[in-house]
Amino acid sequence: DMKVTQMPRYLIKRMGENVLLECGQDMSHETMYWYRQDPGLGLQLIYISYDVDSNSEGDIPKGYRVSRKKREHFSLILDSAKTNQTSVYFCASSLWGNERLFFGHGTKLSVL
Amino acid sequence: AQSVTQPDARVTVSEGASLQLRCKYSYSATPYLFWYVQYPRQGLQLLLKYYSGDPVVQGVNSFEAEFSKSNSSFHLQKASVHWSDSAVYFCALSPASSGSWQLIFGSGTQLTVMP
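Residue numbers (this note's numbering), protein chains in the order written: chain A, 1 to 112; chain B, 113 to 227.
It is worth saying that the hints were derived from the structure and are not from the lab. For clarity, every value in this text was computed on a predicted model and none was experimentally measured. Watch out, some of these pointers could steer you wrong.
[Unchecked claim] From the structure, some residues in chain A lie toward chain B, with a derived Cβ separation under 10 Å:
(1) Y33
(2) Y50
(3) V52
(4) N98
(5) R100
(6) H105
Each residue gets a CB set at the ideal place from its N, CA and C atoms; glycine is no exception.
Using the sequences plus the hints, can you model the full thing?
Right, dumping it as structure tokens:
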């Protein structure tokens, strides 16, 4: 069953709190991504991971960091969350390059 | 710099009508191009992709898209829409020659199909 699972689906945090968004995939895909989606802006790439401990910044990495210690698991961490990080965050994975990305259902994060 | 423009934020059509969603790209060479669809409360799903060759590519659910290098466009089309096609559609570009696997997304087009 090809699936990308994101936890949690909804999250409310206060400004300054730390946030951990988790993503798992069951397809043994090498490449994984974190995007954020904001109205009118489409999806913006935060980080891309080519394999375990092989991560690269995307277009908007400031304020975020990632961790990939196992191929099937990719975490997004917000240290001291800010209100402008309120967004919907999507994790995705792909077997080879960007031929076809599989997306999770997203995590809606509200930072108050 | 590479970019993708979807000029129509919202499109409304009647069920059974034909559909065209527009996508324009900016890239110095021939890119890889994609259309993704996002149904409510779900992640994005790949509809179709273009790498090279025949400029008309077929996708799932009878969608097709036509690549035009002269117009820098990759418009999505469907001959007859169904109410279940209501969703947000994203055009995306991959700069093939850069070695990066990053996808650059447009801002999306919200499609509403009226019964």
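Status of each hint after checking the structure:
Evaluation of the A/Y33 hint against chain B yields a held restraint, the C-beta minimum of about 8 Å falling below 10 Å. Interface hint at A/Y50: satisfied, since its Cβ lies 8 Å from the closest Cβ of chain B, which is below the 10 Å cut-off. At a threshold of 10 Å, the smallest CB-CB gap from A/V52 to chain B is about 16 Å, leaving the interface hint violated. Because the beta carbon of A/N98 sits about 4 Å from the nearest beta carbon in chain B, less than 10 Å, this interface hint is met.
Contact between A/R100 and chain B, as hinted, is supported at the beta carbon level, the nearest pair being about 5 Å apart and thus within 10 Å. At its closest, the beta carbon of A/H105 sits 5 Å from a beta carbon of chain B; the interface hint therefore holds under the 10 Å criterion.
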